[in-house]
Structures are given as structure tokens and as C-alpha cells.
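K.L.:
Quick mapping for you: the protein sequence lines, in order, are chains H and B.
The numbers in my numbering rise by one with no breaks, and the one at position 299 of the first sequence is 299.
Numbers in my numbering are just positions in the second sequence, counted from 1, shifted up by 1000.
One thing to keep in mind: the hints can contain errors.
Claimed, not checked - Partner residues are not named here, just some residues of chain H that face chain B (Cβ under 7 Å, in silico):
| # | residue |
| --- | --- |
| 1 | F45 |
| 2 | F51 |
| 3 | W267 |
| 4 | A269 |
As the list claims (entries may be wrong) - Which chain B residues stay away from chain H? Per the calculated CB distances, all over 10 Å, these:
| # | residue |
| --- | --- |
| 5 | A1146 |
| 6 | D1190 |
| 7 | I1252 |
| 8 | L1300 |
| 9 | A1316 |
Bear in mind the hints are in silico, worked out from the structure with no lab data behind them.
The model shown is predicted, which means the values in this text are computed figures rather than measured ones.
Just so you know, even glycine gets a beta-carbon here, dropped at the ideal spot from N, CA and C.
Listed below, chain by chain, are the residues.
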Amino acid sequence: MTDRVHSDGTETDAAATQPGSFRQVVAVFTRDRMATAGLIIVILFYLIALFAPILAPYPDEGAGKPNASALTQPPSAENIMGTDQLGRDVLSRIIIGARPTLLVPLVVVALAILVGAPLGAIAGFRGGWVDTVIMRTTDLFLSFPSLLLAIAITAALGRGLFNAALALVISWWPWYTRLVRGVAVSVRQSDFVEAAEAIGLTKMQIVRKHILPNSVTPIVVQATIDLGIVIIAMGGLAFLGLGTQPPSPDWGLMISEGRSVLLSSWWVATFPGIAIFIVVFCFNVIGDALRDVFDPRTRR
Amino acid sequence: MRRLEFVITRFGSTLMVLLGVTVITFLLARTVPTDPAALFLGPRARPEEIAKVAEQMGLNDPLPVQYVNYMKELVQGDLGNSISTKRPVLDEIFARLPATLELLFAGMTTAIIVGILIGVFSARWKDKPIDWGGRALAILGVSIPAFFLGMLFQIVFFRWLGWFPLGGRTSVDLRFTSPITDVTGFLVFDALITGNWEGFKDALWHLFLPAMVLAAFPAGLIARMVRATMSDVLSLDYIRTARAYGQSENLIAFKLALKNAIGPAIAVIGLSFAYALTGSFFVEIIYTWPGLGQLTVNALLNLDYPLIMGVTLLGAIAYIAVNFIVDIVQAQLDPRVSLDD
């Protein structure tokens, strides 16, 4: 049923997902060279985001300072990726723009997990009316296309990076509630939880000690793929003018700004576009590799 | 009889969700920071005028009363008036709907066909070069944002190769040479049934790039899902039996396995539709396609909240309807699908 389909279209049959240990995660990367390459590239991009002001060749231009002497210059030795309509170095804009583009989605997904996962654990473990209330609320949020809901929320709250991020958290948490609930329901029926109940652990303790740890692997797998989707969604909000506001850089915003000079100066929009594509591609490769190992349903 | 029961129960829960959706769009419309009355009257309105309009619009009533009024208008098909054009929101939406539906239809059809093909071929030749290529294509599809792919295609297919137009639904001079008679609003279809060959070619030529861009993400999703379900089915006992009897691999994959793999894979079509729907916003801006996406983006710029919430509500309704249909089709295909699953 559609109820189990996740944000990336896989059926997260959480009950069938194996708990898995950290060592198994490491094993994925030692065996799968594509996944390892993906991971290295992603880490590189995040390091670039962290050290952006040091790495950018023209940090001022990267942050938005116009340079009237070099408007829309094609790629050259001084500006490897050319300059935009305001004469700013595109490479510097990409490096500085990596911060909102890559770091904010990380926070968004983390917050969505932080809100969604405990709710799912409670719903699956308590059952009864608590389960009904939580899951009906989840269904409600998921009956909107997630990005459409995020657009509407950002429009209502007012544009800006913070509101766009908040809107994405509001539209994304239910995916994790649903995921963790599946785990909780299956764990609840297991022997060790019965044993835990027998020795007098409270429900909260069982949720904390058994259900949440068992949810870690499915959450990690899902979060990896979701990060790619949220980066695209965040870029989309910026493209629509709802996220990062100029003159601050953001890859989605840069693509949108490059549209007006697309046919005469292709480099303005193309390089940030390639950057976004590489990162999301890597997240998807990693996510696929993880899922192949931890979801026995798709195991070969 | 059980089928009918399934449909009715599923319909009931769908109605409940719809009701909840209206609560969310209503609350969103009311969290708007700017006073709707002030927005409606424009920047030069006097405070007493704003107060009067606020009273008329019922903005001083308690929230539950406002919601009931909102619902009363909603069931009559009244979504309020657009702030920028002052015309009814529903009229604005319906004027733009055919263009978006045509794009969505073309994009989703392409995505479903291409997605299933890639998925099936990947699973049939698992871990062979065809599979690697198929998987790479699928990941490619879900990794390129529509707003970038659209522009990339414009550079390559318009600027460099000159094969396709930059945007729009038809060429500008088509209006004078062979205008398309409006029947359904689907230009390609209208031109075809009115025998307007020139118009048909032109409309199709304009539809191609936007539809391809729109199809990329859903096609990737569908391909991955089909590959996964096909792989599942191919490892089942009846397939092993078929192999033992010496049936050819092609017959096994394309006939025996596909039939059972397609059911579970259909579930992802609902979700693909959701991505295509939001994807169409970006595609429409990039290809100056005069549909709902353009309307919404203009509404976002003008802070036209009634219009934004109208589109959001309609998008949710469409998504819910698609999921409803998908569930029913899936239940038809697979008798094991039950309500409480």
C-alpha cells in the first residue's frame, strides 16, 4: 500500500529492516567502491562548506560584493568558472554558497528526525488512541506533496532561509514518524521487550533502550537519501526566491540568477547546477548501497 | 462484495483526510504576517477602510467561526478572490489548469513507460552492464533538480543543437498560420482531433523538452522501485520452477515475473505524481509554460495568499485522488492487498 512508500519511493518495510551495527555500515564502504567514492566526495564538499571563507579565491565577491570591472566574464585563469552579471567570481560564490546549500539541509533532516522519530516510537509502542492521533496527523501532513506544503508554509511565514528551513522540517518529520513506528510495532512483539516488561522496565525506558536503538539503521539509510532530496527541495525554494535572499549566495539562487543570462553566459547557472547534481548524486549512491545491505527485501 | 467494501471504506478515510487538509490550508492562510484586508486594499488604503473590509471579510470572528465560513464557501467552489487580479481564485486556476495537466500527463506517461522499461531491463540482466547503466540512469534522474535540467536542456537542445524551441506552448506565428481550435485545452490533442497537422507538430515540438525534464525524477523513482520488486519476484520459487523446466530467461522476466512485480511497483506512482506536480512549477517557469506553476510563482511574488492556498489545496486534493486511484488499482491487481495493511 502507498502508506509504506517513503519519500524516495522505496517501500520502507521497517519491520524487515535489520538492526545492523556500526561495523556493518563500515563494511558497506569497504566493499562497495562506488559508495566509498560517493562518501569521500560528500565529505570533501562538506569540508569545503566548513572552510569556505578560507578556500574561496575572492571571499568578498563570494559573499555578494559586486565587481563592476568584470561583468559576466567567461571562465579564465583568474575566474576558473567565470563571473556572474554583477562581476562576482562564480567559484567563490559556489564555495561560500555551499554553506546554506549543504549545511542547512543537514540541520533540516536532523530536526525532522528529532521531532519525527520519538513520535513514531511512542505511536508504535503505546498503540491505542495515542497511535491513532499521531498517525492520523502524520497522514494529514503526508497527503500534501511535501515540497508544495513547504512552499505554502514559507509563503505564509515569509520568505528567507530560516523560514524555508522551518517549512521543510514541518513537511518532512512525518516520514520519520512513519518509519520508526514500523520498527516500534515489530520490536514490541519481540521476546526481549516482553522480558524487559517482565523485569519491570517502564514503557519510556523500553522506548529509549530498545526501540530507538533499533531504529538507528533504518533512519540512517533514509536520512542519507533524504538529504539529497532536501538539498534539491531547499535549492528549489531558493530558486523560487523563497529561501536564501540575495546578495547571499546559494546554489539554487545562483541557478535562478543565471537564468537571465543563460543563453549568452552559460557558466553562471551551469556550475552551481553541476555542484548540486554531484552532491545529490553521491548521497543517492551512498543511500542505495546502504539500503542494499540493510534492507533484506532488496538484497541480492 | 469485498472489493466494494474496500472502495467505500477507503473513500471514507479519504474524505476525512480531505477535511484535515482544508484545516491546514485555512490555518496557513491565517498565519500570514500581513493583514489580508490591508493587502486586499493595497498600500494607499486608510486604516478605517482596512478595518471595515476586515469586518466584512469576517477577519474579526473567532477562528472556528472563520473556518466554518471558509468551508461553506469552499463547498460552493468559492476559494476567495485573487488579491492581484481580484478575480475568483478558482477561475484563475481553471484558466491555467489545462496547460499544466497536458504537461503532467505527458511527463507522467513518459516517466511510467521509461521507468518500467529501465527497471525491468535492470532486473532481467542484474549485475550485468545493462543493470549498471539502468541504475546509473535511475540515480541520475533523481539527482538532477528539474530547475537545472531544464536550463541544461535549453543550452544543449536550443542554443547548441537548435533542435527544440526555448519555451512556450506553440510558436508565436502559429496563431496566424494554423491556429489550434480549443476543445479540451490539451493543445496536442486538440490539434490532432481537429486534423490540424501543423499545429499538432508545433505543439508536440514545444511539449517535448518540458515533458522530458518533468519525467526525469519520477522515471528514476519508478525504475528503482520496479527493479526492486522485479528482483524480489525473480527470487521466488515459481520462477525457480520455471527455470528448472527450461523456460527462457526472457519469457520468465517479461511474462511470468513482470505480471507479479508490477502490482507492488504501482504504489510509487502516487509519490511520483507528487514530485511531478511540484516539479511542474519549476519546469513551467523555465519553459515559460502558461500553467499553474507560473501562476503560483507570480502569486508568491505578489503575496497573493488566496491564490497560493487555493493551489496548495488543489494540489493536495489531486495527490489524494491519485493515491486513492492507485490503491484501488493495486487492490484489483493483487488480491492480497487488504485495507488494514
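K.L.:
Each hint: holds or not?
P.N.:
Do the hints match the structure? See the list:
Annotation: interface hint on F45/H violated; nearest CB of chain B at approximately 14 Å, more than 7 Å. Here the hint on F51/H is broken, as its CB sits about 25 Å from the closest CB of chain B, past 7 Å. The closest approach between the C-beta of W267/H and any C-beta of chain B is roughly 10 Å, which is over the 7 Å cut-off, so the hint fails. Taken as an interface hint, A269/H checks out: its beta carbon lies about 5 Å from the nearest beta carbon of chain B, inside 7 Å.
For A1146/B, the requirement that its beta carbon stay farther than 10 Å from each beta carbon of chain H is not met, with the minimum near 8 Å. A cut-off of 10 Å between C-beta atoms confirms that D1190/B is not in contact with chain H; the least separation is 28 Å. No Cβ of chain H approaches the Cβ of I1252/B within 10 Å, the least distance being about 17 Å, so the stated non-interface status holds. With 10 Å as the threshold on Cβ separation, the claim that L1300/B sits away from chain H is violated: the shortest Cβ distance comes to roughly 6 Å.
At roughly 5 Å from the closest C-beta of chain H, the C-beta of A1316/B falls inside 10 Å, breaking its exclusion from the interface.
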